[in-house]
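J.: This is what each chain is made of:
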Amino acid sequence: MADVPVNFFHRQSHMTDETISTERSRRGFFAGASAQIGLFAIVALLWVIFSTLAPGFTSPINLFGIGRSLAVDIVIGFSQMVVLATGGMNLAVGSIGVCAVMLTGFLLQDAGMPIPVALAGGLLLGGALGWLNGFAIVKTGVNAFIITLASASLFLGAMLILSKAVPYNTLPPEVGQFGRMRIWGYVSPLLFIAIAIGAALYVLYRHTLLGRQILAAGANPRAAEMSGVPVGRVIIISHTLSGLLAATAGIMLVARLGAAMPSVGGEDWLLPSFLGPVLGGTLLAGGSVAVIGTMIGAALVTTIRSGLLVLQVGNFWLQLFLGLILLAAVMADRYRGVFLERRSLGRK
Amino acid sequence: MQLSIEGVSKAFPGVQALDKVSFELRPGEIQALMGENGAGKSTLIKIITGLYRPDDGRVMIDGQEMSFQSPRDAIAAGIGAVHQERNLIPRFSVGENILLERLPTRNGLLDKDAIHNEARRYLDLLDRGIDTHTEVRSLSVAQMQIVEIAKALSLETKCLLMDEPTASITEHETEALFTLLKRLRDEGASIVFVSHKLEEVFAIADRVTVLRDGKNAALGEPMSTMTRQNLISLMVGREEHIVNKPQRSVDTGVVLEARGLQTSFGHRDISFSLKRGEILGLYGLVGAGRSELARAIVGAAPITGGEVLVNGKTADIRNVHQALNQFRIGYISEDRKNEGLILTHTIRENIAVTIWRRLAGALGLIRPSAELDAVMPYVERLEIRTPSVEQKVGNLSGGNQQKVSVAKWLAANVEILIIDEPTVGIDIKTKAYLHELIHEIAAGGTSVLLISSDMPEMVALADRILVMHDMRLVGEVANDRRYETVSNAIMNRIHAVEEERSTATAG
Ligand SMILES: Nc1ncnc2c1ncn2[C@@H]1O[C@H](COP(=O)(O)OP(=O)(O)OP(=O)(O)O)[C@@H](O)[C@H]1O
Ligand SMILES: [Mg+2]
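Protein chains in written order, with our numbering: chain B, 398 to 745; chain E, 31 to 537.
Read the hints as simulated data drawn from the structure, not as lab findings. Wrong hints could be hidden among the right ones.
To be verified - Some, not all, of what chain B presents toward chain E, calculated at C-beta under 7 Å:
(1) Thr605
(2) Arg609
(3) Ala613
(4) Pro618
(5) Arg619
(6) Met623
(7) Ser624
Stated by the list, open to error - Selected chain B positions facing chain E (Cβ under 7 Å, derived; list incomplete):
(8) Ala616
(9) Asn617
(10) Gln709
Unchecked claim - The calculated label-pair distances, taken between Cβ atoms and stated as ranges, are:
(11) Gly138(E) x Met728(B): 44 to 54 Å
(12) Ser550(B) x Leu210(E): 40 to 50 Å
(13) Gly37(E) x Ala596(B): 51 to 61 Å
(14) Gly44(E) x Arg577(B): 50 to 60 Å
(15) Arg121(E) x Phe718(B): 34 to 44 Å
(16) Met728(B) x Ala106(E): 30 to 40 Å
(17) Ser303(E) x Val539(B): 33 to 43 Å
(18) Asp85(E) x Leu551(B): 33 to 43 Å
(19) Pro398(E) x Val727(B): 30 to 40 Å
(20) Gly538(B) x Gly37(E): 45 to 55 Å
(21) Ala547(B) x Arg136(E): 50 to 60 Å
Just so we're clear, the structure is a prediction, and the values are computed from it rather than from any experiment. Cβ coordinates follow ideal geometry from the N, Cα and C atoms, glycine included.
Sequences are here, hints too, so could you generate the full structure?
T.: In structure tokens form, the structure reads like this:
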């Protein structure tokens, strides 16, 4: 047979014409979206509950406060999401955030730099620390968990030594003014920044070379590498981006508080940073992100925090609740995974 | 054991994989299960072993209806299987993998000696060259396949379902397997054998069942009444036609040259040159080191000596990214599951990964329509069978996954393409299309280094054939397009080298 391969010239390709469609799989889209709609419904339900129990919950001042915290929570969630995309994690988001906070405070107050320069300095530091994480992970081959666990403590320690843990309280008044600014009576401009970042990330992952490469590297690093994706570079870029976003969140906090405090960030960010993305449907295994989901997930965190505050339930309860919600989210994630697997295996 | 399947149906989102299929297997027979890629063969096997639950229909064993909840139940009932996808644990040893389900213990601890002795017994039936102590992840794809078969044999079941067990092993090992399967059959075992290689089916099967588009096209027909033409028309519903190869002329310009290459795998003194528009074959037995050489060339494994020249200039290629973008060299990996594909991503993304850089415009933006335009021609020409290009690759049938893994490098439009076992698991019709495509890109000036264990494929495609044995190049054979002479020349070369070596060590 050998030397005569077979061929079929009449390609009455009924198969090709019918079975291949170029439209996006609707089912997939709705399956993804339905999880987020569910999450959104929970947030809405909580709003109904909180505003019935405490009428102050929907007062313009409280709405303004919620918007401001939400903005920060969203960006913190993003800072984790961008490394989850690569199948890694960043336990140092809080440390990087607070390092950026203190550098910005120093540049504004002690060094007397103009505001834009100080902001750029803070952001640059965040990016640089993130880059260090990424570089260490790629060069040593040690996993992100260990590296960022170590660097979280390292960065925080170094910051405390250098700043002696003294807050910068006398920043230029414009900083605090921006934080207090209200648009249409109750919307903080910080929220627009968060949304703009979300839009940029959405475009990044959906429509750009880099975003695609990040997701490919996250889903199967070996296959991505063998397909010509520069996996190491992509991981370093993602960590740099994570650091940059953590710094952004930190600086937003500076505006909100009108001061640079060494007590913000640190470990306090860890839980919310995972809650947003995981609730929103970003896979911990890497290779997929949910930008809008992360925003809704962050909204859940902010809502609960603010609601408990308005109801004057203590902070201990908040910790407990957030922990419970993370567990529930992770279980939902598992269940979703098992369910999808079952469905593809055809088990009911 | 008498196994019969009655009117089994199974649907996946957008696909009716099986539509009222029947099947019947008797004791003491080897029955071939055939059909094109996506016809439903693997689905049927997974239903029998309890991995999938049928939507409809019955699975009967010795007249009794059965419904397995898991492969474990199936094994307990005497049904063992080699699945198309490999399911080995990379960091466990070969021995541990073979006996995974029932590792022998002594005083509550694993009994290492017993594991390896026991595993050895089954492995020896097929291949004495694999050490039971090696970690599975350091084996070649073919070796893993053999371990997978040994694992199924070790279950000693009366019924054995083998889904493309020979897809990635050479004729040599296939022969050993066949001798074994025939013995088992004569001892009363019932065996299902899936393969896209017609010669194999004619060599071993007693009867054949054919699936087409998830339906029965033939049910347990005796092989003695079948001709090659019959079988093909049952599978594809049309007649076999002869391929028209485009006229090609091989240029004299050398595009890729290896000079005295050494690698950490143990390659020594590898020198060859590849001309523009040439299809250069690289043949060798399992373990000869062909894929490893390819990996070293594209920068996925270190070169420890000698040099690679691309278009006459020394090329220090450190990774695939550089190979692709700077030197325009591509490598189609033989290991589609781990290296070739991102199973959780879509067909579109998997094919386009090699061309994203080319498609990206200002700010790195990729237009979805440009991506689709680049991907669709390959999906169509290779007839990738799917409800949509947005389908996850992991949901495709094995052969269709293989098509995606090849398509993405064809789309990359590189100057030098190293193709490693491109048609593993691909049905004969698509294989012909793919051969046509390979001829076409070579006619267009792409140089191809073809690694294939499929001798007929080598003969059909290669201009000349390098023979590799034990990490060295041991000869070159001109291809006169006659299977017998080429195949004999190659095997003689390999045997001569083996003999030289054994007399050298003896003396
Ligand atoms: N888990 C799944 N989800 C969705 N579709 C599936 C799934 N498994 C199989 N299919 C579809 O069912 C059909 C039959 O697939 P199957 O794997 O049985 O084919 P096959 O005959 O084994 O083909 P091949 O020769 O390529 O191995 C294919 O169209 C495939 O895409
Ligand atoms: Mg199959």
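J.: Hints first: check each against the structure and report whether it holds.
T.: Cross-check of the supplied hints:
1. Thr605: holds (4 Å)
2. Arg609: Nearest chain E Cβ about 5 Å off; hint holds.
3. Ala613: It holds, given that the least Cβ distance between Ala613(B) and chain E is near 6 Å, below 7 Å.
4. Pro618: violated (10 Å)
5. Arg619: Since chain E brings a Cβ to about 6 Å from Arg619(B), closer than 7 Å, the hint holds.
6. Met623: At about 4 Å, which falls below the 7 Å cut-off, the nearest Cβ of chain E leaves the hint on Met623(B) intact, so it holds.
7. Ser624: holds (5 Å)
8. Ala616: holds (5 Å)
9. Asn617: holds (4 Å)
10. Gln709: Result: violated, 46 Å to nearest chain E Cβ.
11. Gly138(E) x Met728(B): 44 to 54 Å: violated (34 Å)
12. Ser550(B) x Leu210(E): 40 to 50 Å: Taking Cβ atoms as reference, Ser550(B) and Leu210(E) lie about 59 Å apart, which means the hint is violated.
13. Gly37(E) x Ala596(B): 51 to 61 Å: At roughly 53 Å between Cβ atoms, Ala596(B) and Gly37(E) fall inside 51 to 61 Å, so the hint holds.
14. Gly44(E) x Arg577(B): 50 to 60 Å: holds (54 Å)
15. Arg121(E) x Phe718(B): 34 to 44 Å: holds (40 Å)
16. Met728(B) x Ala106(E): 30 to 40 Å: Given range 30 to 40 Å: holds, Cβ gap about 32 Å.
17. Ser303(E) x Val539(B): 33 to 43 Å: Given range 33 to 43 Å: holds, Cβ gap about 42 Å.
18. Asp85(E) x Leu551(B): 33 to 43 Å: Because 57 Å falls outside the window, the suggested range is violated.
19. Pro398(E) x Val727(B): 30 to 40 Å: Taking Cβ atoms as reference, Pro398(E) and Val727(B) lie about 33 Å apart, which means the hint holds.
20. Gly538(B) x Gly37(E): 45 to 55 Å: With a Cβ separation near 54 Å, Gly538(B) and Gly37(E) satisfy 45 to 55 Å, so the hint holds.
21. Ala547(B) x Arg136(E): 50 to 60 Å: violated (42 Å)
Comparing the model with each numbered hint stated earlier shows that hints 4, 10, 11, 12, 18 and 21 do not hold.
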